[in-house]
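So the sequence lines, in the order shown, correspond to chains A and B. In this text, residue positions in the first sequence follow the working numbering: the first is 3, and each later residue adds one. In this text, residue positions in the second sequence follow the working numbering: the first is 3, and each later residue adds one.
Any given hint might turn out to be false.
Have a look at the derived ranges for each label pair, beta carbon to beta carbon [said to hold, decoys possible]:
hint : chain 1 : residue 1 : chain 2 : residue 2 : range
1    : A       : Glu54     : B       : Pro365    : 48 to 58 Å
2    : A       : Glu184    : B       : Glu225    : 27 to 37 Å
3    : B       : Lys264    : A       : Ala363    : 31 to 41 Å
4    : B       : Gln491    : A       : Val554    : 44 to 54 Å
5    : A       : Pro365    : B       : Ser244    : 22 to 32 Å
6    : B       : Lys322    : A       : Gly224    : 52 to 62 Å
7    : B       : Pro365    : A       : Pro109    : 45 to 55 Å
8    : A       : Ala363    : B       : Ser629    : 58 to 68 Å
9    : B       : Pro365    : A       : Thr255    : 19 to 29 Å
10   : A       : Arg133    : B       : Phe245    : 33 to 43 Å
Below, computed lysine-lysine pairings styled on DSS-like, alpha-carbon distance capped at 27 Å [what the hints assert, rightly or not]:
hint : chain 1 : residue 1 : chain 2 : residue 2
11   : B       : Lys483    : B       : Lys599
12   : A       : Lys166    : B       : Lys196
13   : B       : Lys367    : A       : Lys252
14   : A       : Lys532    : A       : Lys504
15   : A       : Lys196    : B       : Lys196
16   : A       : Lys483    : A       : Lys622
17   : B       : Lys259    : A       : Lys483
18   : B       : Lys483    : B       : Lys504
19   : A       : Lys252    : B       : Lys362
20   : B       : Lys322    : B       : Lys504
21   : B       : Lys362    : A       : Lys249
Just so you know, the hints here were simulated from the structure itself, not pulled from any lab data. Glycine included, each C-beta is placed from N, C-alpha and C at the ideal position.
Protein chains: 2
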Amino acid sequence: MKNNLSELAKLIRYYSLVSTTAAGSGHPTSSMSATDVMTGLMFGDVLKFDLENPEYINNDRLIFSKGHASPLFYSLYAAAGKVSEEELLSLRKFGSLLEGHPTMRFPYTEVPTGSLGQGLSVGVGMALNARLDELSYRTYVLLGDSEMAEGSVWEAMALASHYKLNNLAAILDCNRLGQSRETMVGHHTAIYQKRAESFGWKAIVIDGHNFDEITEAYKLAGEQTDKPTMIIAKTLKGKGVSFLEDKPGKHGTALSKDELEKALEELGEVDYTIKGEVSKFTGEIPNNKSLISPSASRGGQITNKIQNTSIQFTNYDPVKPVATRKAYGNALVNIFPAYPNMVVLDGETSNSTFAETFAKAHPHKYIESFIAEQNMVGMALGLSRRGKIPFVSTFAAFFSRAFDQIRMSQYAHANIKFVGSHAGVSIGEDGSSQMALEDLAMFRTLLNGVVLYPSDPVSAEKLIAEAAAHNGNVYIRTTRKEAAVLYSQDEKFPIGGSKTLKSSENDQVTVISAGVTLHEALAAYEELQKEGINIRVIDLYSIKPIDVESLVKAANETKAIITVEDHFAEGGIGDAVRAVLSVHGKQYTVNSLAVTKEPRSGTPSELLAYEEIDKNAIIKTVRQVVSYKL
Amino acid sequence: MKNNLSELAKLIRYYSLVSTTAAGSGHPTSSMSATDVMTGLMFGDVLKFDLENPEYINNDRLIFSKGHASPLFYSLYAAAGKVSEEELLSLRKFGSLLEGHPTMRFPYTEVPTGSLGQGLSVGVGMALNARLDELSYRTYVLLGDSEMAEGSVWEAMALASHYKLNNLAAILDCNRLGQSRETMVGHHTAIYQKRAESFGWKAIVIDGHNFDEITEAYKLAGEQTDKPTMIIAKTLKGKGVSFLEDKPGKHGTALSKDELEKALEELGEVDYTIKGEVSKFTGEIPNNKSLISPSASRGGQITNKIQNTSIQFTNYDPVKPVATRKAYGNALVNIFPAYPNMVVLDGETSNSTFAETFAKAHPHKYIESFIAEQNMVGMALGLSRRGKIPFVSTFAAFFSRAFDQIRMSQYAHANIKFVGSHAGVSIGEDGSSQMALEDLAMFRTLLNGVVLYPSDPVSAEKLIAEAAAHNGNVYIRTTRKEAAVLYSQDEKFPIGGSKTLKSSENDQVTVISAGVTLHEALAAYEELQKEGINIRVIDLYSIKPIDVESLVKAANETKAIITVEDHFAEGGIGDAVRAVLSVHGKQYTVNSLAVTKEPRSGTPSELLAYEEIDKNAIIKTVRQVVSYKL
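This is chain A alone, in the form it adopts within the complex:
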């Protein structure tokens, strides 16, 4: 049975209008401009999707990068019979699965969108996944024209053509009007075409309201052999209702009841009974592919470790220091047999982050992402949603480039392992631009995010394995400098734990740290011992979740807490420790040593001293604290 695209498009426009009017808010005009291209995609025998099994691994994927066109998104599935009119009218209401911008609560959302310019990166990730898995599914991404100003889109454009992703198609809803004014390019579709072609894409300009042209464009896209396709659809915002069509000032505003009445009159008679059929993939897929993707994103109990394989960790010589960043590279190779669904991405820093150790061993599982961190994180999100465990690395400082993408990934319930190297002033001579001093603060804000900070190579490898086993986003901070081995091979490092490295019955003060400053604390311990001052030293390798019990114990048993971190004063270890202790009502003091002066070039030792987070600063602070009258 062949769908009647015009009738379906009319029904979908009806749905977009009534749902937003019922909500009293939303983006009907943005939905109406893209209705025909999306109707043609979903009901024109283009998209192959099993509506009963949204996570089926060989479904085509459809991402609304233009997330505010959510009324259209929901209406498409309503036209397919999967969303009732009642549900549609619950749009934007508290408790509804149909939120203002698509979230994971709605069963067909690939990833939450609404922060523009991010969807194409996710699409690139999903298209790459198809390649990795030798699956034939295609990935479609709907973009608005306003968001074409976002640089992240052009990162994705470059990567997609570089990787010859002919299984990826972008549909640009070129309706000319942004939120407050016309876009820079307006309706000059030839400009988008030139730009897309210069970035290595096949670019097709069409009348976005002509179903013949729409259908032909999807066909052409499907015929590409070595490049992705951008369908540039010239459209009218508010198409279908004369007083909305191409009119400025109508963005993000639902129609009043009166306006709705007029609009529906114009739309004409809607056949509410029609349902669009969505084609399904009916071919063969390679053996050994599980039918449902092992994605934890919809809350299923997923075991990441999909083989009963014990991990062979590197046997570090206890007397040879090894940087935790180096241990990261080793760990990736060591855990791989237990996690064959892992992939590794890096932003052209793999010889610094040591992602290259893995890349050399398993080049087909390594995705060079070049200097484009936003897109790298977006690709990781797409891969995560399709069941991969992505390990994503760059200098920790450069994850700040992708904070918006990282932020959105939390709402996708993603399973990304972010690994940031070159933390702190202790990177030395390269200076401030390369120093991550706010990364702990950034990653601590993620809902249910895990933040780990290993201080030696043994714990680093163990924590990488813990991260792989964990369901959810994890951030691991690694260090440039070599680190002395602190732990024996059989030590375990559960997420949420800590290690008390030094303690006695006469500890005056507790020093809590991680990374390079933990080693400073241990050196301080030795010197203070000679003066007869005992300090407890805690390795806070898990900053979030945090070992409440050990912290409270230390606060109760010692006079004061000192935290030390190669990080700014805000948002890191100091704040994390205080958040635990302040609710327990006991008298305590937390002195925090952190980076408070503008950093600069120098040797690591000079900089740690300059920032007063080194052994001497710790000793000085301990002495001060011990001498307080408490």
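Dock chain B against the given chain A, drawing on the hints supplied.
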């Protein structure tokens, strides 16, 4: 006197090699590929720059977006006689002005770079500034080819041509090799040319080591009337030394002493005595332009308020609630007579952030930045360095898109006023993608950053004025919802202060808040009064710096502190308050109410209740705290 470009280039290569070898680290090969194009720029009578007056307002500007080519940057000025060989040999040493990547300590640095892809945005800002001030200076930006993968570059490309910035030229050092491998485009300069042209630029491909072509290219760039120019220079990494030229694996590595000896042999005889002359601007500039730009970036005592004008604030009717975002728009117009050097930028949200109020009043001082937040912040940095006070607005959530640019702006000692609207879950139906829940955490990390959070329209306007008067970066968080007027017109709001709105001699508990939750706290106060429970309520409008005195007083005089914020639990008001109180050693408890559940669509009231940060949650917590045995 005409400079001998070849001889100067040789001297500069010599300088790059010896300085990095002395440092034991650095990027000589990256410096050597760009040496000829930069020599041609600086010594070929192209750049017009008064070396004695780096901040002269009509100097041409030169930005090294490719910040790791710092050895070249310093060497250029050495060849001009402004840096001694001794200073060059101090490269990367602790205390040197010549850091690993350029910082403000070096007198000729326009902005610190080193996080790639940011320099062109700064250049766009500086070029726009020339337009605003009707000055004839040109802006030149050196880019590497690896960083062309950064989306931020393409944001800048689009904006620059949109604004027809013919006074801007980018030089692309296309040396093919990135850090760990070849770039995506390699030496296919025609691809960059196509891309640049599709983005509306004049694009010239040259042999980057041929001085005739270099000179001709700069001439052509200077002749453009309506578009910026990109000079795409095909170069060899490590040019000048055969065992380095175009060789992979040589990135970011200084030569050993032996290698240096061989390299210098190859370079041949260097004339150490030559000095390059740099041309200066010799024409007229319009009257009333002060000769030194009022930029605070080099630490001078600058008064932002450059006219003795008192500000006429809006007289808000005490019984009519007005959203703080609306007050922001009013404030911009009200302070403008006192700050004629302010400019306003917004990322295509001006009808939501109310930047449009200013845009309508002073369209020539408003810069529409479209949906490209990274570039918007970069432009603001460029404008700030040239003496403007940029007010930059978008949804607070979308500032996370520009965190790397914001991070770098702190090292520029910039004077940018970031204003983020639509904070928190209380934006309502739009849902999580639009909700800023980590912005306070982000901005709190900035060195010397100011973080303000007004709760009513009166204080909002006053704080905007305080922000304008303040020297340095400021972040102001505004709210979507209408807010009841809390203050009288004559109230003052110094940065670092707070307001105790409710207090008595029998306050049991202190509730500290700002924004929408402050109003919830005030409502809780009323109800608790009826139960005979007195609470103190503090408006923490200045989160950083923070009112230590009032907080300590409250902690001493009441049983416990409760913080409430429409923000995630990490990094915001709770952490800020705890950081103050924990060093004072008194017994206290801080209970923090914050957003801990994944947010969703709903009405503001429903969401505040759902997240347990509303009046009822505050009342419940107060009751719990009061009933503790303390």
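We went through each hint and held it up to the structure:
1. Against the hinted window of 48 to 58 Å, the Cβ-Cβ separation of A:Glu54 and B:Pro365 comes to about 55 Å, which satisfies the hint.
2. Evaluation of the 27 to 37 Å hint for A:Glu184 and B:Glu225 yields a pass: the beta carbon distance comes to about 30 Å.
3. One distance hint, 31 to 41 Å for the beta-carbon pair B:Lys264 and A:Ala363, holds here, with the actual separation near 35 Å.
4. In this structure the supplied range 44 to 54 Å holds for B:Gln491 paired with A:Val554, their Cβ-Cβ distance being about 49 Å.
5. For A:Pro365 and B:Ser244, the hinted distance range of 22 to 32 Å is satisfied, since their beta carbons lie about 31 Å from each other.
6. As the Cβ distance of B:Lys322 to A:Gly224 is approximately 58 Å, the hint placing it in 52 to 62 Å holds.
7. In this structure, B:Pro365 and A:Pro109 meet the distance hint of 45 to 55 Å, their C-beta atoms being roughly 47 Å apart.
8. For A:Ala363 and B:Ser629, the hinted distance range of 58 to 68 Å is satisfied, since their beta carbons lie about 60 Å from each other.
9. Our hint of 19 to 29 Å for B:Pro365 and A:Thr255 holds, since their Cβ atoms are close to 24 Å apart.
10. With their beta carbons about 38 Å apart, A:Arg133 and B:Phe245 fall inside the hinted range of 33 to 43 Å.
11. Distance restraint check for B:Lys483 and B:Lys599: the Cα-Cα separation of roughly 21 Å lies within the 27 Å cut-off, and the hinted pair is therefore satisfied.
12. Restraint check: the Cα-Cα separation between A:Lys166 and B:Lys196 comes to about 19 Å, which is no more than 27 Å; the hinted pair holds.
13. With a C-alpha separation of about 26 Å, the suggested pairing of B:Lys367 with A:Lys252 holds against the 27 Å cut-off.
14. The hinted pair formed by A:Lys532 and A:Lys504 meets the criterion: a straight-line CA distance of about 15 Å does not exceed 27 Å.
15. At most 27 Å may separate the alpha-carbon atoms for a hinted pair to count; A:Lys196 and B:Lys196 meet this at roughly 8 Å.
16. The hinted pair formed by A:Lys483 and A:Lys622 meets the criterion: a straight-line CA distance of about 24 Å does not exceed 27 Å.
17. For the hint pairing B:Lys259 with A:Lys483, the CA-to-CA distance comes to about 24 Å; that is within 27 Å, so the pair holds.
18. Pair hint B:Lys483 plus B:Lys504 holds up; C-alpha atoms about 23 Å apart against a cutoff of 27 Å.
19. Distance check on the hinted pair: A:Lys252 and B:Lys362 sit about 19 Å apart at the alpha-carbon level, within 27 Å; holds.
20. At roughly 21 Å between alpha-carbon atoms, B:Lys322 and B:Lys504 fall within 27 Å of each other, so this suggested pair holds.
21. Only pairs whose Cα atoms come within 27 Å are accepted, and B:Lys362 paired with A:Lys249 is accepted, the gap being roughly 20 Å.
In this structure, none of the earlier numbered hints is contradicted; all agree with it.
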